[in-house]
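Quick note: the sequence shown uses the working numbering, first residue 1, plus one each step.
Wrong hints could be hidden among the right ones.
Heads up, simulated SDA-like pairs for lysine to any residue below, C-alpha to C-alpha not over 20 Å straight-line [claimed, not checked]:
1. Lys4 to Glu44
2. Lys47 to Asp3
3. Lys36 to Glu20
4. Lys58 to Arg6
5. Lys25 to Glu43
6. Lys58 to Glu43
7. Lys27 to Phe68
8. Lys29 to Arg7
Ranges between beta-carbon positions, derived for each pair [claimed, not checked]:
9. Asp117 to Lys36: 12 to 22 Å
10. Thr136 to Glu83: 49 to 59 Å
11. Ala160 to Phe119: 24 to 34 Å
12. Ser51 to Glu82: 41 to 51 Å
13. Ile122 to Lys27: 32 to 42 Å
14. Leu42 to Ser155: 27 to 37 Å
To be clear, the hints were calculated from the coordinates, so they are not data collected in a lab.
The structure displayed is predicted, hence computed values, not measured ones.
Virtual Cβ for every residue (Gly too), placed ideally from N, Cα, C.
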Amino acid sequence: EDDKERRGVSYILDDGSLVEMLYDKKKHKSQLAVYKDGTVTLEEKVKIGDSMWFMPLKANQGILETGFLSLPSEVGVYQSNEELYLEVRAFIERYVKLTDAFLTVVAVYVFTTWVYDKFHTIPYLRVTGLWGTGKTRVLDVAGRLWYKTIFAGGSSSTSAVFRTLNFTNGTLVFEEAELSEKESTEM
1 EDDKERRGVS YILDDGSLVE MLYDKKKHKS QLAVYKDGTV TLEEKVKIGD SMWFMPLKAN
61 QGILETGFLS LPSEVGVYQS NEELYLEVRA FIERYVKLTD AFLTVVAVYV FTTWVYDKFH
121 TIPYLRVTGL WGTGKTRVLD VAGRLWYKTI FAGGSSSTSA VFRTLNFTNG TLVFEEAELS
181 EKESTEM
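Working from the sequences, and respecting the hints, build out all of it.
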């Protein structure tokens with residue numbers, strides 16, 4: 001009865017085990033995937049202290065239902081990183097027509113978002129082009145694969161975006177940014 005709960009989307013346990021939230025929109029279900037000693041288990045909650053439990057966000061939260069935050073729905077098994085890379089690349093290529101070089105950049109960037117915390121500095125992916133050239137499509141398709149993707153647009157409040165980024169440590173997809181010519185050339 002005295003146990004407290006902390007809700008979130010990811011956690012690293014004292015022993016180094018990884019805890020990641022899964023959200024299945026079709027089944028309206030959230031749960032935790034716990035990676036420990038090379039094995040993944042699915043849990044409803046995980047003990048993180050003497051009287052504290054880590055739990056996933058509730059499935060009915062607006063941040064999930066609206067798609068503002070996109071999370072994996074299941075855990076997959078892959079034989080190698082190369083196999084996973086080829087599958088990611090094929091997924092992107094199935095939905096977006098890109099040059100081979102940019103397709104490689106986008107596919108590699110997917111992996112970068114999942115290990116960003118291992119680097120001091122990482123690049124960001126910026127998609128520019130004229131109206132109707134598929135910028136939104138690239139962001140939507142690749143964003144479905146990025147780590148804890150937060151989909152924000154020009155109408156999203158700055159404070160809401162920063163609160164969500166701080167809470168999730170996710171990958172921000174900001175669409176329809178209005179940049180001045182000076183800002184555009186400085187980036």
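Against the structure, the hints:
Annotation: proposed proximity of Lys4 to Glu44 holds, straight-line Cα distance about 15 Å (limit 20 Å). Taking the CA atoms of Lys47 and Asp3, the gap is about 10 Å. The hint holds against a cut of 20 Å. About 12 Å separates the Cα atoms of Lys36 and Glu20, which keeps this hinted pair within 20 Å; it holds. In summary, the hint linking Lys58 to Arg6 is supported, as the alpha carbons are separated by about 11 Å, within the 20 Å threshold.
For the hint linking Lys25 to Glu43, the alpha-carbon distance of about 17 Å falls within 20 Å, and the restraint holds. Between Lys58 and Glu43 the alpha-carbon distance is near 14 Å, which keeps this suggested pair within the 20 Å criterion. Between Lys27 and Phe68 the CA atoms are separated by roughly 18 Å; this keeps the pair inside 20 Å, and the hint holds. Only pairs whose Cα atoms come within 20 Å are accepted, and Lys29 paired with Arg7 is accepted, the gap being roughly 15 Å.
At about 19 Å, the CB distance of Asp117 to Lys36 agrees with the hint of 12 to 22 Å. Distance hint check for Thr136 and Glu83: the Cβ-Cβ separation is about 29 Å, which falls outside the suggested range of 49 to 59 Å. About 27 Å separates the C-beta atoms of Ala160 and Phe119, a value consistent with the hinted range of 24 to 34 Å. Distance hint for Ser51 and Glu82: a CB-CB separation of about 44 Å, consistent with the stated range 41 to 51 Å.
Judged by the Cβ atoms, the range 32 to 42 Å given for Ile122 and Lys27 holds: they are separated by roughly 33 Å. Roughly 36 Å separates the CB atoms of Leu42 and Ser155, a value that falls within the hinted 27 to 37 Å.
Hint compliance for this structure: hint 10 alone is broken.
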